[in-house]
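Peer 1: With the hints as your guide, set chain B onto chain A.
There are 2 protein chains.
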Amino acid sequence: MSPSTQQADPYARAAAKFSLACKLASIESLLSWDAQTNMPKGGAWARGEQVGALAEIASDLTGTKEIGDLLDEAQAYANLLDASERANLDEMRRLWVHRAAVPKELLVERARVSQALQATWLDAKPNSDFASFAPGFKKMMAIHKEVAAAKGAALGLAPYDAMMDEQDPGLTTALIDPIFDDLAAELPGIMAAVRARQACWRAVIPFSGDFSVGRQTALSERLAVIVGHSPDNSRIDVAPHPFSMPHSPGDVRFTTRYDVDKFRYSVTATLHEAGHSMYELNLPRALAFAPAGFARGASAHESQSLMLEMMAGRSKEFLEFLAPLLHEYFGGDKACWTAANVLNYFRRVDDDYIRVEADEISYPLHVILRYRLERALLSGDLAVDDVPGAWNEMFRKLFGRTPPNHAKGCLQDIHWAAALFGYFPNYALGEALAAQLFERAKADDAAIVPALRKGDFKPYFSWVRPRIHEQASLKSFDDIVAGASGSKLSGAALKRHLRARYLDEEFD
Amino acid sequence: MSPSTQQADPYARAAAKFSLACKLASIESLLSWDAQTNMPKGGAWARGEQVGALAEIASDLTGTKEIGDLLDEAQAYANLLDASERANLDEMRRLWVHRAAVPKELLVERARVSQALQATWLDAKPNSDFASFAPGFKKMMAIHKEVAAAKGAALGLAPYDAMMDEQDPGLTTALIDPIFDDLAAELPGIMAAVRARQACWRAVIPFSGDFSVGRQTALSERLAVIVGHSPDNSRIDVAPHPFSMPHSPGDVRFTTRYDVDKFRYSVTATLHEAGHSMYELNLPRALAFAPAGFARGASAHESQSLMLEMMAGRSKEFLEFLAPLLHEYFGGDKACWTAANVLNYFRRVDDDYIRVEADEISYPLHVILRYRLERALLSGDLAVDDVPGAWNEMFRKLFGRTPPNHAKGCLQDIHWAAALFGYFPNYALGEALAAQLFERAKADDAAIVPALRKGDFKPYFSWVRPRIHEQASLKSFDDIVAGASGSKLSGAALKRHLRARYLDEEFD
Numbered sequence: 005m006s007p008s009t010q011q012a013d014p015y016a017r018a019a020a021k022f023s024l025a026c027k028l029a030s031i032e033s034l035l036s037w038d039a040q041t042n043m044p045k046g047g048a049w050a051r052g053e054q055v056g057a058l059a060e061i062a063s064d065l066t067g068t069k070e071i072g073d074l075l076d077e078a079q080a081y082a083n084l085l086d087a088s089e090r091a092n093l094d095e096m097r098r099l100w101v102h103r104a105a106v107p108k109e110l111l112v113e114r115a116r117v118s119q120a121l122q123a124t125w126l127d128a129k130p131n132s133d134f135a136s137f138a139p140g141f142k143k144m145m146a147i148h149k150e151v152a153a154a155k156g157a158a159l160g161l162a163p164y165d166a167m168m169d170e171q172d173p174g175l176t177t178a179l180i181d182p183i184f185d186d187l188a189a190e191l192p193g194i195m196a197a198v199r200a201r202q203a204c205w206r207a208v209i210p211f212s213g214d215f216s217v218g219r220q221t222a223l224s225e226r227l228a229v230i231v232g233h234s235p236d237n238s239r240i241d242v243a244p245h246p247f248s249m250p251h252s253p254g255d256v257r258f259t260t261r262y263d264v265d266k267f268r269y270s271v272t273a274t275l276h277e278a279g280h281s282m283y284e285l286n287l288p289r290a291l292a293f294a295p296a297g298f299a300r301g302a303s304a305h306e307s308q309s310l311m312l313e314m315m316a317g318r319s320k321e322f323l324e325f326l327a328p329l330l331h332e333y334f335g336g337d338k339a340c341w342t343a344a345n346v347l348n349y350f351r352r353v354d355d356d357y358i359r360v361e362a363d364e365i366s367y368p369l370h371v372i373l374r375y376r377l378e379r380a381l382l383s384g385d386l387a388v389d390d391v392p393g394a395w396n397e398m399f400r401k402l403f404g405r406t407p408p409n410h411a412k413g414c415l416q417d418i419h420w421a422a423a424l425f426g427y428f429p430n431y432a433l434g435e436a437l438a439a440q441l442f443e444r445a446k447a448d449d450a451a452i453v454p455a456l457r458k459g460d461f462k463p464y465f466s467w468v469r470p471r472i473h474e475q476a477s478l479k480s481f482d483d484i485v486a487g488a489s490g491s492k493l494s495g496a497a498l499k500r501h502l503r504a505r506y507l508d509e510e511f512d
Numbered sequence: 005m006s007p008s009t010q011q012a013d014p015y016a017r018a019a020a021k022f023s024l025a026c027k028l029a030s031i032e033s034l035l036s037w038d039a040q041t042n043m044p045k046g047g048a049w050a051r052g053e054q055v056g057a058l059a060e061i062a063s064d065l066t067g068t069k070e071i072g073d074l075l076d077e078a079q080a081y082a083n084l085l086d087a088s089e090r091a092n093l094d095e096m097r098r099l100w101v102h103r104a105a106v107p108k109e110l111l112v113e114r115a116r117v118s119q120a121l122q123a124t125w126l127d128a129k130p131n132s133d134f135a136s137f138a139p140g141f142k143k144m145m146a147i148h149k150e151v152a153a154a155k156g157a158a159l160g161l162a163p164y165d166a167m168m169d170e171q172d173p174g175l176t177t178a179l180i181d182p183i184f185d186d187l188a189a190e191l192p193g194i195m196a197a198v199r200a201r202q203a204c205w206r207a208v209i210p211f212s213g214d215f216s217v218g219r220q221t222a223l224s225e226r227l228a229v230i231v232g233h234s235p236d237n238s239r240i241d242v243a244p245h246p247f248s249m250p251h252s253p254g255d256v257r258f259t260t261r262y263d264v265d266k267f268r269y270s271v272t273a274t275l276h277e278a279g280h281s282m283y284e285l286n287l288p289r290a291l292a293f294a295p296a297g298f299a300r301g302a303s304a305h306e307s308q309s310l311m312l313e314m315m316a317g318r319s320k321e322f323l324e325f326l327a328p329l330l331h332e333y334f335g336g337d338k339a340c341w342t343a344a345n346v347l348n349y350f351r352r353v354d355d356d357y358i359r360v361e362a363d364e365i366s367y368p369l370h371v372i373l374r375y376r377l378e379r380a381l382l383s384g385d386l387a388v389d390d391v392p393g394a395w396n397e398m399f400r401k402l403f404g405r406t407p408p409n410h411a412k413g414c415l416q417d418i419h420w421a422a423a424l425f426g427y428f429p430n431y432a433l434g435e436a437l438a439a440q441l442f443e444r445a446k447a448d449d450a451a452i453v454p455a456l457r458k459g460d461f462k463p464y465f466s467w468v469r470p471r472i473h474e475q476a477s478l479k480s481f482d483d484i485v486a487g488a489s490g491s492k493l494s495g496a497a498l499k500r501h502l503r504a505r506y507l508d509e510e511f512d
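Which chain is which? The protein sequence lines are A and B, in order. Per our numbering: the first sequence = residues 5 to 512. Per our numbering: the second sequence = residues 5 to 512.
Isolated chain A (complex conformation) (with noise of 0.2 Å):
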């Protein structure tokens, strides 16, 4: 073996490893997508063993005192390698950290309870039973906060942030806490004018057609052809909660579904899940399956979804598009299908209290509510007995109404049930990355917005993806962020976009 062989060999080495661990994982994406697809309910127990194993083989594979030390090794002869094994041996590290820091045996037991307390929620939520689900919360809670401490002191990083850093690297509390700090200060401000304006406006005309499963489902499918996929490498299916499957190369899926009172939901949900998919499509196929191949963090893909989603999906230009279509699928008066009424309808802001089906303003102040509960509870600061009360408080000062139960209120979302902490910023941060990533492509590119009129996404793609996708995890956020926006994440070009569509835009 000559030495520079000789000397390569760790990372080679450490890089087989978690290539196999990669595949697991997509293995894992894709179990999670027939279990909420396609499995029959008896199949559970059988899939629970399932994604046991390729945790515990995953494990194996790349959380080991030997991994660290082949990390070690490579880390001594970095400068043999090129600079996406470099991106790559520092994924790797970050992989290797996150999973050697805790115990296998807690994260056995966090899945346990996760389990357990999905089953208590499901049956607590439609309740309203906050009761029930308190003892199994702070079960889960004791268990995040000691996780939490073991990958901070692992990570040199205190114990919020070291829950983001395993699905957004790099985010930290330091740049969440005065962008949400400001977005809380003023979309109130904006969601009040908003409201003041949209009174004025005349009712929606009722929409009249046929909104069958079938029709909406023709529709969704033709909307994922008009944003770029194919059915050679994607596909649709029903769930409750809609999703996108990652670490597929070459075959995307999403989910979405269907509600025939308001069609507007399944034309929402499959922009959203089409944008998660469209980022998986596109990283560069060399690194599938090398950490470093992978999508830059969650906040990221949300970027992504809330990008075509919310602000190319609701503009004016693509709303137009859509209004002949909606008709062509749905059939019905044509009067209803007019591109000022389909507009009407898509930017109307909401009074509701779920945060899924929140408007482009209101969305991040359900997300920030939710933060600020999470630090306190981690803390120590807030008590889980005390949540639906803190929950209620705050969401009166930020949205001026409290929910009336606790079904619209603290046990809407799945997320602590299932053990996701630290995972609802991404949320908020993906819609303003969203709107700093659209302002920058339309002032580079002037014919990204007018082609939507025509269901041209390609000027669009064009821009986001060199600069999103096929940058993978090659960089940091920040730097892909500063590389594609010009500047770092803030809450400013978000700002602007809400006043310029929802204040200032005339239409007809």
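No wet-lab data here; the hints were simulated from the structure. Heads up, a few of these hints could be off.
Copies of the same chain look alike in the list, so a pair counts if it works inside one copy or between any two.
As the list claims (entries may be wrong) - The calculated lysine to aspartate or glutamate pairs, modelled on DMTMM-like cross-linking and capped at a C-alpha distance of 25 Å, are:
{"hint": "1", "residue 1": "Lys45", "residue 2": "Asp236"}
{"hint": "2", "residue 1": "Lys108", "residue 2": "Asp13"}
{"hint": "3", "residue 1": "Lys338", "residue 2": "Asp265"}
{"hint": "4", "residue 1": "Lys412", "residue 2": "Asp127"}
{"hint": "5", "residue 1": "Lys45", "residue 2": "Glu474"}
{"hint": "6", "residue 1": "Lys45", "residue 2": "Glu225"}
Peer 2: Chain B only, in chain A's frame:
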């Protein structure tokens, strides 16, 4: 650690590794099911990587020298194990021998050659172009010879027996040859007599009704429920080649295909695959993901599909139940849906050349032909280039007619392209076993067949479940067969069955 714990430990450690490998096998089944039902074309490359990763990990888990040593240690204390653990140890040993016997590189090469050969076959078959298939098949045969020799040496078996042992442990040419020689001698005579008898039957009254895919799908789902499935533990999808997904406790899935000109096909295919999946559903849950908990090999599995499809499914009693059900699902003229006309249609022997569509009498002959060619190929008595001639010659001898082209001859099955070799015999052994079990079941419980007239399969499964399904791999094939039927597997019951049903049975 107490001495007994210490002594039992090697078994527990080995069992844990094999349990992980079994979970990976069940995942691989799901990946394969998905590839044939849901996966967009573009996912093929990633799917290959995923399956390759599972194979590599399974091999590292259960195919190393260390595992062999661990199994030796466990064997030394086998007296401390209970019966099911001892059976599991035997199965682990067998799987280890198969995995350890063949260098990993050779298996990778076989997979590579097979991938290419399957693509070649897809083009070669419709063009009846054996010349383009031959070069890849020669490479494949060279690999099979090496694999068979290596496994044979490790198992102390002749090469062809060693190839069979992985899928069908305990079955050897010594068992097969007398059965197949007997059937090859007798079936052509039975067939000639049946033809003479059926020549006097009136023609089938053409069926009228709506045979659209939707109707056929609904009927297939109804049949699955009638047999004993529920939507909570099973699903049916469409795939070009019907198959069932093994190894996922509580979640059985099978596929069928729908031919609007030939509704018989989906009925028989559904019953066939439902027979496989009931076996999987009834395997003991306590042994899920243990090698001893798997079905007892390919022939046992095929006996369960064919017993349901052919023995029960073409009985006069079941066809009497089926006739009005067909009318319920397909509509059309009541006159064509009499039990007699349906029986006339389902019992007709065919004049075609295709194994998968063959009648009960021809079916074993199709298999015997392949078995004899395979043995000659493996021994070197037959060269790949001579396969088409040998096929046609043997077909003429067994069936009295010659295939018009290779698409209906030696290129009809995917098995040789898919690296399945030593696998064909199970199809005919399964039919012989199906007849032997059905004969005994009827003798043990006179209510089984009359219940089919009401579509009641409870007595049927009450007999077969404890005798076959719940035996899993806790005993040898021979012991399970003898325990259930009272004798060793032979072709005698099949011959009696065919004569009774096709020559002696009276009906309107």
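Peer 1: To test your reading of the hints: which numbers does this structure violate?
Peer 2: none
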